[in-house]
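Per the numbering used here, the very first residue in the sequence shown carries number 35; after that it's consecutive.
If you're looking for bench data, these hints aren't it; they were derived computationally from the structure.
Cβ coordinates follow ideal geometry from the N, Cα and C atoms, glycine included.
One should not assume that every hint holds.
Label pairs and their in silico Cβ distance ranges [claimed, not checked]:
id : residue 1 : residue 2 : range
1  : H111      : R54       : 17 to 27 Å
2  : E50       : R102      : 36 to 46 Å
3  : P106      : G47       : 28 to 38 Å
4  : P106      : T53       : 39 to 49 Å
5  : G38       : V92       : 13 to 23 Å
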Amino acid sequence: MKPGGTLIYDSFGILEKPTRTDITSWQIPAMEKAAEMSLMKCFNMFILGGYLKLHPIVSTESVMKALRKTLPERHHHLLPMNEQAILTGMEIIRQQE
Numbered sequence: 035m036k037p038g039g040t041l042i043y044d045s046f047g048i049l050e051k052p053t054r055t056d057i058t059s060w061q062i063p064a065m066e067k068a069a070e071m072s073l074m075k076c077f078n079m080f081i082l083g084g085y086l087k088l089h090p091i092v093s094t095e096s097v098m099k100a101l102r103k104t105l106p107e108r109h110h111h112l113l114p115m116n117e118q119a120i121l122t123g124m125e126i127i128r129q130q131e
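Given these sequences and hints, build the entire structure.
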């Protein structure tokens, strides 16, 4: 990772926090939250939500619109879960700021 970069990591299985001082590190308990909320298929969306909170390059609405457009309709029942995971990831980062 380049100096000045942003590291977002899941705390599951990480025994030591990153020690680099030339990057910004953020911890999201994505695995724990996914299990707690019964959203295991949305694990990556917790991380995406955290990233979007730190670097709002697109809106949550745009992400959801893209998912609706690209996911096969048979998977559209997962959209609310994905959105919930994104918003939770954002909230976790907000609490750390």
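Going down the list of hints, with the structure as the test:
no.	hint	verdict
1	H111 x R54: 17 to 27 Å	40 Å, violated
2	E50 x R102: 36 to 46 Å	40 Å, holds
3	P106 x G47: 28 to 38 Å	32 Å, holds
4	P106 x T53: 39 to 49 Å	43 Å, holds
5	G38 x V92: 13 to 23 Å	21 Å, holds
In summary, the one numbered hint that this structure violates is 1.
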